[in-house]
Amino acid sequence: MNLKQQVVVFASWVALFYGASIMSYTQYISLYYLPAGVSTAAFFVFGKRIFPAVFCAIFFVSLDLNGILQGRFDPHQLATATLFAMVHTGAYAFAGLSAQFISKHVFTNSLPAKNSMILICYTLAALIAATGALLIWELVTLRSDIPFIEAWLPFWIGDAVGVVVITPLFAVLFRRLLPKQRIAWLDVYFEHDYLLNNQWGPFVFKLAALLITVITVLLLDNAIAHPSIGMLIFFVAIPQFWIAFTEQTIRTIFSLILLTVVISSGYNFLALGDNAVIYQIAIYFVAVTCYLGTAVPALHQRNRDLEQDSIYNKQTGLYSANYFEQAANLLIANRKPTQELSIAVIDIDQLQQINTECGFSTGDTVISQVATALQQHLPHHCLVAHSHGDIYWVLLPSTSVSNAVEILDKIRRNMPFVKDEHVTLRIKLNIGVTSLHLSETTSTALNRAFIALEQAKSSGRDKVCVN
Numbered sequence: 023m024n025l026k027q028q029v030v031v032f033a034s035w036v037a038l039f040y041g042a043s044i045m046s047y048t049q050y051i052s053l054y055y056l057p058a059g060v061s062t063a064a065f066f067v068f069g070k071r072i073f074p075a076v077f078c079a080i081f082f083v084s085l086d087l088n089g090i091l092q093g094r095f096d097p098h099q100l101a102t103a104t105l106f107a108m109v110h111t112g113a114y115a116f117a118g119l120s121a122q123f124i125s126k127h128v129f130t131n132s133l134p135a136k137n138s139m140i141l142i143c144y145t146l147a148a149l150i151a152a153t154g155a156l157l158i159w160e161l162v163t164l165r166s167d168i169p170f171i172e173a174w175l176p177f178w179i180g181d182a183v184g185v186v187v188i189t190p191l192f193a194v195l196f197r198r199l200l201p202k203q204r205i206a207w208l209d210v211y212f213e214h215d216y217l218l219n220n221q222w223g224p225f226v227f228k229l230a231a232l233l234i235t236v237i238t239v240l241l242l243d244n245a246i247a248h249p250s251i252g253m254l255i256f257f258v259a260i261p262q263f264w265i266a267f268t269e270q271t272i273r274t275i276f277s278l279i280l281l282t283v284v285i286s287s288g289y290n291f292l293a294l295g296d297n298a299v300i301y302q303i304a305i306y307f308v309a310v311t312c313y314l315g316t317a318v319p320a321l322h323q324r325n326r327d328l329e330q331d332s333i334y335n336k337q338t339g340l341y342s343a344n345y346f347e348q349a350a351n352l353l354i355a356n357r358k359p360t361q362e363l364s365i366a367v368i369d370i371d372q373l374q375q376i377n378t379e380c381g382f383s384t385g386d387t388v389i390s391q392v393a394t395a396l397q398q399h400l401p402h403h404c405l406v407a408h409s410h411g412d413i414y415w416v417l418l419p420s421t422s423v424s425n426a427v428e429i430l431d432k433i434r435r436n437m438p439f440v441k442d443e444h445v446t447l448r449i450k451l452n453i454g455v456t457s458l459h460l461s462e463t464t465s466t467a468l469n470r471a472f473i474a475l476e477q478a479k480s481s482g483r484d485k486v487c488v489n
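Under this note's numbering, the first residue of the sequence shown carries the number 23, and numbering increases by one thereafter.
Take the hints with a grain of salt, since some may be wrong.
[To be verified] Listed below are the simulated BS3-like cross-link pairs for lysine-lysine, each with C-alpha atoms no more than 27 Å apart in a straight line:
no., residue 1, residue 2
1, LYS479, LYS432
2, LYS70, LYS126
3, LYS202, LYS126
4, LYS450, LYS432
5, LYS126, LYS336
6, LYS202, LYS70
7, LYS26, LYS126
[Unchecked claim] Restraint-style ranges between C-beta atoms, simulated for each label pair:
no., residue 1, residue 2, range
8, GLY339, VAL299, 52 to 58 Å
9, LEU100, LEU241, 43 to 49 Å
10, ASN351, VAL318, 29 to 35 Å
11, GLY295, SER332, 19 to 25 Å
12, MET253, PRO97, 55 to 61 Å
13, HIS410, MET253, 56 to 62 Å
14, HIS98, LEU195, 46 to 52 Å
15, ALA231, LEU195, 24 to 30 Å
16, VAL318, ASN436, 25 to 31 Å
These are calculated hints, taken from the structure and not from any lab test.
C-beta: ideal position from N, C-alpha, C; glycine also.
Please model the entire structure based on the sequences and the hints provided.
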């Protein structure tokens with residue numbers, strides 16, 4: 023058990039509990055319950071070992087400390103505090119541990135699906151916590167100053183907002199208490215940030231637009247005594263979405279925190295008591311859509327990665343086989359009747375033997391050396407692909423077969439030596455060349471080039487043959 027983690031979580035929980043009481047718009051009820059987010063973030067980052075800190079924090083604030091210090095110890099209150107602590111800790115342990123499990127093991131390649139599952143768990147945990155706390159209050163304490171029916175919805179939504187809004191912030195803060203090495207399941211929520219704008223000017227402008235919208239709605243709600251005016255608060259979603267879609271995750275978290283603080287403070291300061299649930303639902307709606315909105319840059323990055331994978335071979339940086347065929351077919355379709363096209367298939371001779379005798383690292387070096395040689399010595403208008411393993415494809419536009427043989431044979435003869443501490447060897451290539459007929463597709467021509475390649479292998483290796 024890490025004592026520092028326990029102390030930080032306990033202190034954070036207690037501090038935000040009293041911070042939430044400052045923002046209460048009526049007794050025991052605020053627009054959002056800050057400690058719920060602290061508890062969830064603690065379990066999300068640290069796991070079940072943080073249970074003592076969360077349990078002790080809510081147990082501590084549930085006791086009548088003044089009465090205890092004055093000698094009025096009530097065993098009934100001790101039991102009540104224990105029940106409150108059990109309900110709260112159990113509910114948000116479910117939220118945080120479920121979020122951790124989903125982040126590690128579920129929808130590993132889909133951030134939107136991952137976030138959706140997490141939001142469902144958060145909302146369900148808030149429902150359990152709010153319902154349990156109110157039942158304890160009504161049935162165990164026998165107090166009626168918080169009517170269950172009237173308080174249940176504000177309690178639930180307030181807890182849900184607290185979880186959704188506060189958890190990301192404290193997950194970032196608590197992450198600093200963990201070892202500095204990368205934690206993939208946690209850092210995945212921030213790994214796409216490098217794609218996004220990191221300049222402060224545009225962010226400050228968007229933040230100003232957000233704050234102006236919020237303050238305008240609050241002032242209108244205060245000035246015009248009509249229930250529907252409070253619904254305008256939903257328009258804050260527009261600038262908040264703008265931030266979520268275009269700014270780094272930590273900035274989205276900051277803007278969401280600032281938004282909720284301004285709404286809560288303004289609501290209490292202006293005494294807008296009739297629209298509490300509307301404001302709660304609006305904050306929850308905006309926060310939930312921010313979770314989904316932050317996945318948009320991640321989706322964009324994933325699409326870019328897929329596009330890159332479909333165009334380039336990861337190992338060598340040459341074109342992929344699929345892209346080569348598409349580009350070659352397009353070139354063939356637009357060729358002039360008199361234009362000559364040649365295509366070649368290149369095979370690294372005895373690569374499997376090199377891997378066996380010299381190791382796969384030497385084999386990888388050979389593959390990279392061949393790719394580099396083709397890029398450097400082929401005419402710039404040629405199309406070069408690393409099909410797979412030891413096979414390369416080359417399309418030579420406006421090149422006769424005889425010229426293609428001359429170009430490729432020169433490359434073959436000048437292939438470099440590969441040296442390491444154990445071996446020195448010259449890279450040898452088997453090459454098959456053919457011309458593309460007017461009515462031919464790329465795949466048909468490649469098949470004929472493969473036949474020429476087999477001829478090169480069977481007739482002595484390390485040579486160029488034509489079909």
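(message) Taking the earlier hints as the rules, which of them does this structure contradict?
(response) 11, 12, 14, 16
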